[in-house]
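Engineer: One letter stands for each residue in the lines below.
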Amino acid sequence: MSEPILSIRDLRVAFPRRAAPSVTVVDGVAFDVMPGEIVGVVGESGSGKSMTARSVLRLLPRTAEVQGSIRFRGDEVLKMSPGRIREMRGALVSMVFQDPMTSFNPVLRIGDQIAEAIAIHDRTGRASLGERVARLLARVGIADPKARARAYPHEFSGGMRQRALTAMAVANGPALLIADEPTTALDVTVQDQILRLMRDLNEQSGTAILLITHNIAVVASLCRRLIVMYAGRVVEDGPTAEVLSAPQHPYTWSLLQSVPRIDRAIGRLTAIKGQPPDPATPPGGCKFHPRCPRAERRCAEEEPPLEQTSASHAVRCWLRMSETAEAAQ
Amino acid sequence: MFPVIVKLLLRRALLAVPLVLAVVTLTFFFIRLAPGDPAAIMAGDAPTPEFLAQIRSEYGFDRPVWAQFLTFLGKAVSGDFGTSLYTKQPVFSVILERFPATVLMTGTAMIVASLIGILVGVASAKRAGSRLDTLISAASLVGYSVPGFWVGQLLILLFAVSLNWLPVGGMEAARASYHGWRHVQDVAWHMVLPVATLSVFLLTMIARFTRAAMIDALDQDYVLVAEAKGASRTRILWHHAFRNASVTTITVIGLEFGAVLAGAVVVEIVFSWPGLGRLFYDAIYRRDFPLLTGAFMFSSFVVIAVNMASDVACTLLDPRIRR
Amino acid sequence: MKDGIIVKPAPFAGRPGWGMRLFSGLAAARRLSASSVLGVAFVVIVGTGTLFAPLFTPFDPLALGPDTLRAPGWAHPFGTDDLGRDVLARVLYGGRVSLSVGLFSAVLSVVLGMTIGMVAGFFGGALDEALMRLTEAFQILPKLLVAVVVVSLIGSGLTNEILVIGLLSWPATARVIRGRVQVIRHEEFIAAAEMSGASWLRVLARHVTPNVMSFLLVSAALQVASAIMAESFLSFLGLGDPAHPSWGLLLQQGQLFLQQAWWLTTFPGIALAMTILGLNLMGDGLGGGRAGPGAGRR
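Residue numbers (the working numbering), protein chains in the order written: chain B, 1 to 329; chain Y, 1001 to 1323; chain D, 2001 to 2298.
No lab work stands behind these hints, which were simulated from the structure alone.
None of the values given here were measured: they were computed from a predicted structure.
Beta carbons: idealized from backbone N, C-alpha and C, even for Gly.
Some clues are possibly wrong.
Each pair of labels, with its calculated beta carbon distance range [unchecked claim]: (1) D:V2037 <-> B:R126: 54 to 62 Å; (2) D:G2065 <-> Y:A1139: 35 to 43 Å; (3) D:V2037 <-> B:P21: 44 to 52 Å; (4) Y:L1132 <-> B:P305: 30 to 38 Å; (5) B:T124 <-> Y:A1139: 41 to 49 Å; (6) D:S2199 <-> Y:K1007: 28 to 36 Å; (7) B:A280 <-> D:A2198: 43 to 51 Å; (8) B:E155 <-> Y:L1021: 48 to 56 Å; (9) D:L2103 <-> Y:Y1285: 24 to 32 Å; (10) Y:R1286 <-> D:R2096: 58 to 66 Å; (11) Y:A1188 <-> D:D2082: 31 to 39 Å; (12) B:E155 <-> Y:A1067: 51 to 59 Å.
Straight-line Cα separation of at most 20 Å, SDA-like style, residue types lysine to any residue; simulated pairs [as the list claims (entries may be wrong)]: (13) Y:K1126 <-> B:R62; (14) Y:K1126 <-> B:S258; (15) Y:K1007 <-> Y:D1318; (16) Y:K1075 <-> Y:Q1054; (17) B:K273 <-> B:S258; (18) Y:K1126 <-> B:P61.
Same shape as in the complex, but just chain B:
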């Protein structure tokens, strides 16, 4: 067993406000990613998952206050000099963002933008840039790559753009790829292609992937491990198969209840009642208790810690759902 490639401990991200206490959007998040592993982070919008992802490369808004520890291959990211961070970005750790429509600069050619990703980290070999770009585009399944590289973003379809973005992200062979909602803005068939692409990248190059999404179906097919976040905290962390088949946190269980399934008949879909808490005014005790179908008094008073229930599975709940009782539903 090797060392984790990414190790987050006690990460807190807060935004200061005028004449009011800061708003904490990430509150004590901790998890690891092993080399070559594909980890999924699932949660509703506002759960802090995007901010967590962006913290890894310190891509947070200027006003954000960050505390805690993020170690990449043992080095503390939050203490790195700006120069070292820039060296890391796009080379050792890459990020793919949600909206392919706006992720490319509209006035520059696709090929030039991908070449930029390479050239920033590799001053030599200017001549071969065109070749390398074409190869990257071919690798992500874009036909006629040499001609396509000269195109502008608005001439690409949404799916092609997301592929090109992925190509740009892996251009320098990163050890870790962070994908923030990579499929949300795409239609279903294209989603599938992109996910397949990511799996291929992982298998061929051993690139670890941290996949952020609010769509459970996406993680089910791709991720070996699943992390569930709610209100800025990790509430469940375990192998995907286990988490999906026998969720231990009521929130995870509720999420699964609200997903349509082909494999078995469900009486009715149940949406989780209520809204995620406003980060400015979080509820006391367990953050999920106002919406929890099984909340007890203890849940309102005291916040549960994240505890291992087995070697690979952790949960933040006072009443872990027993496998037998709820899984049957």
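Take the given structure of chain B and dock chains Y and D to it, following the hints.
Structural biologist: Relative to the frame of chain B, chains Y and D by itself:
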């Protein structure tokens, strides 16, 4: 790349034709607007009867209006703007003689205004919301509210009259006659204050609009993506953000050129700069209407041409505009 | 757009009167910045000075005097010009001319611009297209140069100046109003009014107009500033009304004696700059900065 530019230019040129026609039509309309006999207007004060008759037949004022218009149009398009009443020379050649001085001064002012305006705009966008930014915005507002000719006069009072650092006016030293490099230096020295005056207004407009466009651009996703690639702040600012904002900058320059030209008129008066603007002024108080209308048409054509150029530049800068 | 989706209704949809709308428009600028207060101060100072000119100076602006080209001093706080006329008097009374020409031209261009803008924005379609072409054509022309030519030809005189400036400046207002009308066109209460059978004229007058008021005010302030600038431009070129000297004319006269008598250009210029700046600050303040340059000009 080259054929694309040519095609664009031709397309824009075609669009410019109706504008040119409109300008000529308007000028004709203005002449007709004037009270009294249009022939007398074009013939000036106290013309001899023969001259009056000559004007009348040359412009066709004795024929129906539409025929007059066609005559006028024909003359305008062929470069015959009539004859200056004062200098007795063809208006067109008088204009061409004075035009280079205006181009020199106005062109330089535009370059100076663009360079400084862009730098200021980008700098204040980068520090949006800071004290410096607020200060710059306030200064911009002042710069654009103060009439250009007064700024010129103030600059003369300060730098030429009291400090005696720079010449009071003119394009070259009156009594000396320099050649070669010395001449260039002399003209440059005389150009400092007029260019400074003329660039103020355009500078503030460019700074303000560039700032807004930059703030907008810096807010976009592709900036975040570029950061995630490891690009330096400088590269992001110029290669990514400004490249997008430049379309706005060029557009502003094109839109405001008319005002810049008007500003050039008064600046040339204040500094006795021997250009087209000065010609306007002379034509006004000498009641030299052929010269006035000719200079007006010429200036309008230049404005249209500059607008066209800025349109083409925008199309080249932003591939989404091309079709 | 409107298809069954409830759009948040605009404030005061329908009922309160014009006065209320005006007030709320102004009150919205309750975040009155220091700069707009300064702007108001400038305008008030200049306005008071010109309006109550006789209180501030005993001299007649046109009266010739023996004391020519005297520097500012006790008798003549702003000095005298080459014909012995008191400069303070000429600045104050000249302000009346500059301000009234500015005001009346602005009224003309705002009314014209508002009408065209509302029609274009409200009806859309071919009418909008046509009006926009017209607006663009007007905007491409170098407004000040056109004014110069026209006024030269038809004769200088306050009425002519007002007409020419007003008729050339409407595009700026038209654009702003059209934009605003396009936005509120799709608001709930407009649809409601139309469905209740109101004629378009009524809808425009009773519902659309009050909701563009705040934009109109901003545009008006900027138009006045722009008109005063235009008037001074014309006067500086000698196209002003010689019987009613304005600031621009004073600056033209000052140009001749620039090296000898700095007070001839400095004081009228300060008045002019203060007025235009004040109006722009007000317009900017009211508009929350979204007006900006270019909104009132051209």
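Engineer: Now tell me if each hint is right for this structure.
Structural biologist: For each hint, the structure was consulted:
| no. | hint | verdict |
| --- | --- | --- |
| 1 | D:V2037 <-> B:R126: 54 to 62 Å | 57 Å, holds |
| 2 | D:G2065 <-> Y:A1139: 35 to 43 Å | 40 Å, holds |
| 3 | D:V2037 <-> B:P21: 44 to 52 Å | 33 Å, violated |
| 4 | Y:L1132 <-> B:P305: 30 to 38 Å | 47 Å, violated |
| 5 | B:T124 <-> Y:A1139: 41 to 49 Å | 46 Å, holds |
| 6 | D:S2199 <-> Y:K1007: 28 to 36 Å | 49 Å, violated |
| 7 | B:A280 <-> D:A2198: 43 to 51 Å | 44 Å, holds |
| 8 | B:E155 <-> Y:L1021: 48 to 56 Å | 37 Å, violated |
| 9 | D:L2103 <-> Y:Y1285: 24 to 32 Å | 28 Å, holds |
| 10 | Y:R1286 <-> D:R2096: 58 to 66 Å | 30 Å, violated |
| 11 | Y:A1188 <-> D:D2082: 31 to 39 Å | 34 Å, holds |
| 12 | B:E155 <-> Y:A1067: 51 to 59 Å | 53 Å, holds |
| 13 | Y:K1126 <-> B:R62 | 12 Å, holds |
| 14 | Y:K1126 <-> B:S258 | 45 Å, violated |
| 15 | Y:K1007 <-> Y:D1318 | 16 Å, holds |
| 16 | Y:K1075 <-> Y:Q1054 | 16 Å, holds |
| 17 | B:K273 <-> B:S258 | 11 Å, holds |
| 18 | Y:K1126 <-> B:P61 | 14 Å, holds |
Comparing the model with each earlier hint shows violations of hints 3, 4, 6, 8, 10 and 14; every other hint is respected.
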